[in-house]
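2 protein chains.
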Amino acid sequence: MTTLLKNGRIVNVFTDCIEEANVLIRDKKIVGAGDYTSADNVVDVGGRIICPAFIDSHFHIESTMLMPRELAKVCVPHGTAAIVADPHEIANVCGADGIRFFMESSAGMPMRFYYTLPSCVPATANDENGAVLTARELEPFYKYDRVLGLAEMMNYPGVIMEDPMVLDKLQTARHTHKIINGHAPLLGGRDLDKYIAQGIQDDHECSNIAEAKEKLGKGQWIMIREGTSARNLAGLIDLFDEPYNRRCVLATDDEHPYDLMTKGHIDRIIREAAALGKNPLIGIRMATIQAATCMRMPFMGAVAPGYFANILVLNDLDTVDVADVYHSGKLVCKDKEMLPVELNEIDTNAYKAVYSSVNIDPLTEENFRVVPEGEKCRVIRAIPGELLTNEEIAALNFSKDNGVDVEKDIIKLAVCERHHFTGHIGLGYIAGLGIKRGAIASTVSHDSHKLVVVGTNEADMAAAGNHLASIGGGLCVVLGGKVLADLPLPVAGIVSEKDAPEVAEENRVLREAVRKLGVAEGIEPFMNTAFISLSVIPNLKMTTKGLLDVNSQVLLPLFI
Amino acid sequence: MTTLLKNGRIVNVFTDCIEEANVLIRDKKIVGAGDYTSADNVVDVGGRIICPAFIDSHFHIESTMLMPRELAKVCVPHGTAAIVADPHEIANVCGADGIRFFMESSAGMPMRFYYTLPSCVPATANDENGAVLTARELEPFYKYDRVLGLAEMMNYPGVIMEDPMVLDKLQTARHTHKIINGHAPLLGGRDLDKYIAQGIQDDHECSNIAEAKEKLGKGQWIMIREGTSARNLAGLIDLFDEPYNRRCVLATDDEHPYDLMTKGHIDRIIREAAALGKNPLIGIRMATIQAATCMRMPFMGAVAPGYFANILVLNDLDTVDVADVYHSGKLVCKDKEMLPVELNEIDTNAYKAVYSSVNIDPLTEENFRVVPEGEKCRVIRAIPGELLTNEEIAALNFSKDNGVDVEKDIIKLAVCERHHFTGHIGLGYIAGLGIKRGAIASTVSHDSHKLVVVGTNEADMAAAGNHLASIGGGLCVVLGGKVLADLPLPVAGIVSEKDAPEVAEENRVLREAVRKLGVAEGIEPFMNTAFISLSVIPNLKMTTKGLLDVNSQVLLPLFI
Numbered sequence: 016m017t018t019l020l021k022n023g024r025i026v027n028v029f030t031d032c033i034e035e036a037n038v039l040i041r042d043k044k045i046v047g048a049g050d051y052t053s054a055d056n057v058v059d060v061g062g063r064i065i066c067p068a069f070i071d072s073h074f075h076i077e078s079t080m081l082m083p084r085e086l087a088k089v090c091v092p093h094g095t096a097a098i099v100a101d102p103h104e105i106a107n108v109c110g111a112d113g114i115r116f117f118m119e120s121s122a123g124m125p126m127r128f129y130y131t132l133p134s135c136v137p138a139t140a141n142d143e144n145g146a147v148l149t150a151r152e153l154e155p156f157y158k159y160d161r162v163l164g165l166a167e168m169m170n171y172p173g174v175i176m177e178d179p180m181v182l183d184k185l186q187t188a189r190h191t192h193k194i195i196n197g198h199a200p201l202l203g204g205r206d207l208d209k210y211i212a213q214g215i216q217d218d219h220e221c222s223n224i225a226e227a228k229e230k231l232g233k234g235q236w237i238m239i240r241e242g243t244s245a246r247n248l249a250g251l252i253d254l255f256d257e258p259y260n261r262r263c264v265l266a267t268d269d270e271h272p273y274d275l276m277t278k279g280h281i282d283r284i285i286r287e288a289a290a291l292g293k294n295p296l297i298g299i300r301m302a303t304i305q306a307a308t309c310m311r312m313p314f315m316g317a318v319a320p321g322y323f324a325n326i327l328v329l330n331d332l333d334t335v336d337v338a339d340v341y342h343s344g345k346l347v348c349k350d351k352e353m354l355p356v357e358l359n360e361i362d363t364n365a366y367k368a369v370y371s372s373v374n375i376d377p378l379t380e381e382n383f384r385v386v387p388e389g390e391k392c393r394v395i396r397a398i399p400g401e402l403l404t405n406e407e408i409a410a411l412n413f414s415k416d417n418g419v420d421v422e423k424d425i426i427k428l429a430v431c432e433r434h435h436f437t438g439h440i441g442l443g444y445i446a447g448l449g450i451k452r453g454a455i456a457s458t459v460s461h462d463s464h465k466l467v468v469v470g471t472n473e474a475d476m477a478a479a480g481n482h483l484a485s486i487g488g489g490l491c492v493v494l495g496g497k498v499l500a501d502l503p504l505p506v507a508g509i510v511s512e513k514d515a516p517e518v519a520e521e522n523r524v525l526r527e528a529v530r531k532l533g534v535a536e537g538i539e540p541f542m543n544t545a546f547i548s549l550s551v552i553p554n555l556k557m558t559t560k561g562l563l564d565v566n567s568q569v570l571l572p573l574f575i
Numbered sequence: 016m017t018t019l020l021k022n023g024r025i026v027n028v029f030t031d032c033i034e035e036a037n038v039l040i041r042d043k044k045i046v047g048a049g050d051y052t053s054a055d056n057v058v059d060v061g062g063r064i065i066c067p068a069f070i071d072s073h074f075h076i077e078s079t080m081l082m083p084r085e086l087a088k089v090c091v092p093h094g095t096a097a098i099v100a101d102p103h104e105i106a107n108v109c110g111a112d113g114i115r116f117f118m119e120s121s122a123g124m125p126m127r128f129y130y131t132l133p134s135c136v137p138a139t140a141n142d143e144n145g146a147v148l149t150a151r152e153l154e155p156f157y158k159y160d161r162v163l164g165l166a167e168m169m170n171y172p173g174v175i176m177e178d179p180m181v182l183d184k185l186q187t188a189r190h191t192h193k194i195i196n197g198h199a200p201l202l203g204g205r206d207l208d209k210y211i212a213q214g215i216q217d218d219h220e221c222s223n224i225a226e227a228k229e230k231l232g233k234g235q236w237i238m239i240r241e242g243t244s245a246r247n248l249a250g251l252i253d254l255f256d257e258p259y260n261r262r263c264v265l266a267t268d269d270e271h272p273y274d275l276m277t278k279g280h281i282d283r284i285i286r287e288a289a290a291l292g293k294n295p296l297i298g299i300r301m302a303t304i305q306a307a308t309c310m311r312m313p314f315m316g317a318v319a320p321g322y323f324a325n326i327l328v329l330n331d332l333d334t335v336d337v338a339d340v341y342h343s344g345k346l347v348c349k350d351k352e353m354l355p356v357e358l359n360e361i362d363t364n365a366y367k368a369v370y371s372s373v374n375i376d377p378l379t380e381e382n383f384r385v386v387p388e389g390e391k392c393r394v395i396r397a398i399p400g401e402l403l404t405n406e407e408i409a410a411l412n413f414s415k416d417n418g419v420d421v422e423k424d425i426i427k428l429a430v431c432e433r434h435h436f437t438g439h440i441g442l443g444y445i446a447g448l449g450i451k452r453g454a455i456a457s458t459v460s461h462d463s464h465k466l467v468v469v470g471t472n473e474a475d476m477a478a479a480g481n482h483l484a485s486i487g488g489g490l491c492v493v494l495g496g497k498v499l500a501d502l503p504l505p506v507a508g509i510v511s512e513k514d515a516p517e518v519a520e521e522n523r524v525l526r527e528a529v530r531k532l533g534v535a536e537g538i539e540p541f542m543n544t545a546f547i548s549l550s551v552i553p554n555l556k557m558t559t560k561g562l563l564d565v566n567s568q569v570l571l572p573l574f575i
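Going down the list, the sequences are from chains A and B.
Our numbering puts the first sequence at residues 16 to 575.
Our numbering puts the second sequence at residues 16 to 575.
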């Protein structure tokens with residue numbers, strides 16, 4: 016089967032030029048761009064731009080709450096040919112089974128899912144997560160072509176301090192001649208040298224240009240990251256200039272499904288850079304041949320002989336206005352409309368760890384009752400819109416509402432282990448969420464994805480927790496024992512099985528329900544529950560074992 | 016063991032900048048470049064240039080007639096860290112044993128010998144060479160880290176015509192995820208597309224800029240080749256400009272040892288490009304990080320954390336004046352003086368095919384006597400300084416000197432199979448060599464390295480052939496039954512065991528001896544003997560089976 020795209024103006028990513036030519040495709044691959052004239056199927060693109068489809072060099076599928084097939088449906092119309100997914104979240108819940116599950120469910124999609132292997136599962140020793148992945152567990156995955164290497168090595172202190180478990184993972188990756196991705200915000204100088212010397216080839220955490228230039232000058236590829244929350248494009252825009260641009264690629268890291276649907280994906284980054292005055296051909300080069308080179312994807316990222324026919328037809332170059340998308344030679348999106356995606360049937364019975372991931376005994380009010388051992392408590396102070404938290408000391412009145420003080424915006428927080436029925440619950444108080452009644456619960460809580468419950472009373476907290484256990488995980492809002500709204504995430508307790516518009520709608524309804532608990536606009540308590548247990552973001556967090564001082568990594572008693 | 020190179024001005028190949036910093040080396044690798052201050056061994060380079068050592072991306076060891084250790088001694092003082100060797104010649108004589116022999120004898124040298132696997136052994140079906148290497152024979156070599164892939168695919172007609180044996184080799188290489196080097200002079204258009212589509216990633220045969228730009232634009236890396244004979248730098252000098260330079264590397268392909276000793280190696284190409292007005296930092300980038308990227312050599316080609324400490328101290332940047340050379344952290348050349356190289360002892364008994372490669376029965380005058388079957392003969396016309404030959408028809412007088420006519424510069428030519436005692440001899444006449452008496456013989460005859468003898472009489476021809484058989488191969492000049500000079504090449508009949516100055520001196524004496532046969536200055540008959548049997552260079556060549564019309568690949572009778 017051959018297809019000819021004729022009358023195109025082709026973006027040549029090797030020469031940064033646009034060339035008038037016809038592109039001949041045979042089966043999955045490009046025959047060439049030139050004076051080709053005939054094919055089984057001839058498409059006149061009418062002088063429009065033809066360019067290679069885009070690659071997102073670093074992505075977490077789980078942040079979208081979408082299954083791979085649903086994610087593909089959202090990304091492909093924006094011109095995405097491939098993502099490099101780090102299945103860090105599902106691996107923290109389900110271990111190697113989680114990685115296998117994503118790999119199987121993303122095979123044969125109209126967008127290629129490459130994987131890098133989660134390097135930090137669990138994130139820290141204080142995390143009670145679902146599984147531990149050492150170098151030995153990861154090793155069998157390197158044999159797959161779609162596995163490109165070891166994912167972001169977030170544990171940079173472990174690299175610098177030469178933690179043997181960390182060095183083992185790095186060495187195993189190097190022996191396979193696959194890549195090792197970096198993640199080392201603000202690291203510089205000799206510590207950065209030591210980190211890079213382990214073969215950690217890139218970084219997507221640069222937030223200022225000096226940091227990026229130091230890392231690039233020391234040999235790292237820079238991933239310019241522009242996602243839903245972490246947005247570094249403006250700060251790194253100078254990287255689009257010489258001599259830096261040839262060592263850069265593009266990534267989104269974490270994206271909400273609504274943003275992907277409405278704003279775009281990698282196309283958006285190139286478009287925004289163009290709006291800032293940068294040549295879109297540079298952005299396209301970063302997102303195609305350079306990404307393929309950096310991540311070592313053979314035959315990806317160019318409209319050239321032998322390359323996979325992952326090709327876009329653009330209505331306009333500067334706005335990166337994607338009309339048609341070809342994936343492996345097949346038209347998968349036409350005039351901005353996604354064509355039907357074949358379902359990839361999976362035997363869910365083969366993935367018990369994925370589909371029954373909320374392993375917790377029924378919760379009762381007792382589980383959420385604090386036994387007072389004094390009047391002064393450490394309280395976690397949440398800051399609206401930030402992941403940082405602070406410690407506050409509060410004198411609580413335990414004779415009323417077991418210490419909860421809605422007037423002072425101090426309510427109860429429980430972080431429950433939910434992987435292995437241990438019954439471990441870290442219990443305490445949180446200030447700043449604005450919840451005046453009822454409770455919310457979530458099984459999305461980075462990185463170990465505990466069951467987090469916050470509320471004003473034990474009955475609603477127990478009801479919220481038990482509801483999530485009954486639906487296999489997700490997010491919910493409870494008032495007076497009644498579930499006001501939920502967002503089921505039956506896959507590992509963190510991923511939905513619905514499509515992006517449905518998930519977006521459930522999310523909207525859920526966030527509206529939160530208002531019924533008295534939460535003011537501008538405060539999103541589910542963002543706090545998602546990160547309240549992440550033991551690497553300062554200053555005071557709650558683990559399944561109780562309060563943790565992040566800076567010292569020491570557990571603290573609730574009472575002083 | 017740590018070494019600090021302080022007060023350097025360091026060439027950063029990632030940013031094309033020069034940065035003042037100190038470089039710290041630990042054992043074989045670079046710790047970093049920065050404010051490092053102490054080490055076991057501190058060297059003040061006094062503000063001189065520090066740059067990564069150079070990589071020759073395509074090289075034939077055999078053309079230098081030197082063993083790897085002797086070659087290293089010649090290249091290292093010119094700043095070479097690594098070569099990518101295609102052992103095509105020794106493989107044509109000794110097959111897989113030849114490749115193994117070079118790999119073993121080049122291990123642990125102060126210059127890294129990478130290999131690509133000869134793709135065309137034998138070169139054509141008309142070549143009676145020493146061994147046939149199919150994909151199956153090559154496959155076991157891919158497991159070695161020093162084997163980078165499949166060497167120059169010269170058989171581009173075979174690729175385009177989809178010869179199954181050729182496609183098998185290409186597919187095997189692709190499956191290993193290693194590289195495939197190209198060799199397709201003047202190929203363009205759809206044929207080039209088809210060739211590149213097989214994953215053939217580079218080309219070193221570009222002789223004009225339009226050809227180079229087409230290949231580069233279609234995704235190939237361009238190796239700018241500047242060797243002893245094939246010199247493409249001037250014609251391709253525009254590739255040093257944007258946007259081309261980032262897809263180019265440097266190579267010499269074939270070098271005479273005398274040129275390496277006196278003119279330089281990769282340093283010479285960068286120097287010559289600088290003399291033509293091109294920024295030496297671009298040349299250095301091509302010869303370092305880009306070569307390492309193109310050829311997939313991990314941790315090679317930069318002064319950066321984790322990279323092998325292959326580092327040069329230059330007295331001057333524009334003239335690429337190499338003073339000191341560090342290889343894997345060890346000083347191997349100081350103030351332009353090579354430090355002693357440890358011998359790599361090899362069990363020569365383990366390489367019988369290499370050390371007894373001239374397998375031919377004793378030659379007699381009878382072997383060189385033409386039985387006349389008419390008066391008109393096809394005669395090969397050699398052209399001084401060219402590899403091209405033409406066909407001439409001459410009326411020879413067989414009643415005198417068996418057809419030899421020194422007055423007309425027509426003498427006798429014999430191409431003898433010398434690998435398997437077949438006794439096959441292609442016999443005929445050659446014009447234009449200027450030999451007036453005696454004979455010369457050589458076991459260097461591309462690509463199958465037959466024994467080639469040319470002379471005015473059968474007695475000297477037999478003596479010359481028998482002398483080479485007695486010394487295991489080489490080159491010699493015979494007059495009146497006496498050997499005037501020889502250059503022994505006991506390794507596969509194509510490589511010496513002496514050092515470069517000795518080989519150069521033997522070569523000088525040999526070429527002087529040729530003058531005693533009456534050959535005028537400016538004619539080098541040993542160049543003709545080296546290529547007179549190469550069945551891919553037009554128009555008329557001599558094989559072990561007789562005359563060959565190169566263009567039709569049809570054997571022709573001597574008599575018309």
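Mixed in with the good hints, there may be bad ones.
Unchecked claim - Listed next, the in silico DSSO-like pairs over lysine-lysine satisfying Cα-Cα at most 30 Å (straight line):
hint : chain 1 : residue 1 : chain 2 : residue 2
1    : A       : K228      : B       : K21
2    : A       : K193      : B       : K497
3    : A       : K44       : B       : K21
4    : A       : K531      : A       : K44
5    : A       : K43       : B       : K209
Claimed, not checked - Derived, one-sided and incomplete: chain B residues facing chain A with beta-carbon distance under 7 Å:
hint : residue
6    : F29
7    : I33
8    : A36
9    : D206
10   : A212
11   : A225
12   : E229
13   : L231
14   : R262
15   : G321
16   : R530
Just so you know, these hints were derived from the structure itself, not from any lab.
Idealized CB from N, CA, C, for every residue including glycine.
Worksheet item: Does the alpha-carbon distance linking A:K43 and B:K209 stay inside the 30 Å limit?
Response: 15 Å, holds
Fill in: Hint validity - B:L231 Cβ closer than 7 Å to any chain A Cβ
6 Å, holds
Worksheet entry | Given hint A:K44 paired with A:K531 - CA-CA distance at most 30 Å | 54 Å, violated
Worksheet entry | Status of the hint placing B:A212 at chain A (closest C-beta pair under 7 Å) | Holds: closest Cβ of chain A sits about 4 Å from B:A212, inside 7 Å.
Fill in: Cut-off 7 Å, beta-carbon criterion: hint that B:E229 touches chain A
10 Å, violated
Worksheet item: Can the restraint linking A:K193 and B:K497 be considered satisfied, given a maximum Cα separation of 30 Å?
Response: 61 Å, violated
Worksheet item: Does the nearest C-beta of chain A fall within a distance shorter than 7 Å of the C-beta of B:I33?
Response: 12 Å, violated
Practice prompt. Compare the distance between the alpha carbons of A:K44 and B:K21 with 30 Å, and conclude whether the hinted pair is satisfied.
Written response: 51 Å, violated
Fill in: Hint status (Cβ of B:D206 to nearest Cβ of chain A, threshold 7 Å)
10 Å, violated
Worksheet item: Should the hint that B:A36 touches chain A count as held when the rule is a Cβ pair under 7 Å?
Response: 10 Å, violated
Discussion item. Does the closest beta carbon of chain A sit nearer than 7 Å to the beta carbon of B:R262?
Written reply: Holds, because the Cβ-Cβ distance from B:R262 to chain A comes to roughly 6 Å (cut-off 7 Å).
Fill in: Status of the hint placing B:F29 at chain A (closest C-beta pair under 7 Å)
6 Å, holds
When held up to the earlier numbered hints, the structure conflicts with 2, 3, 4, 7, 8, 9, 11, 12, 16 and fits the remainder.
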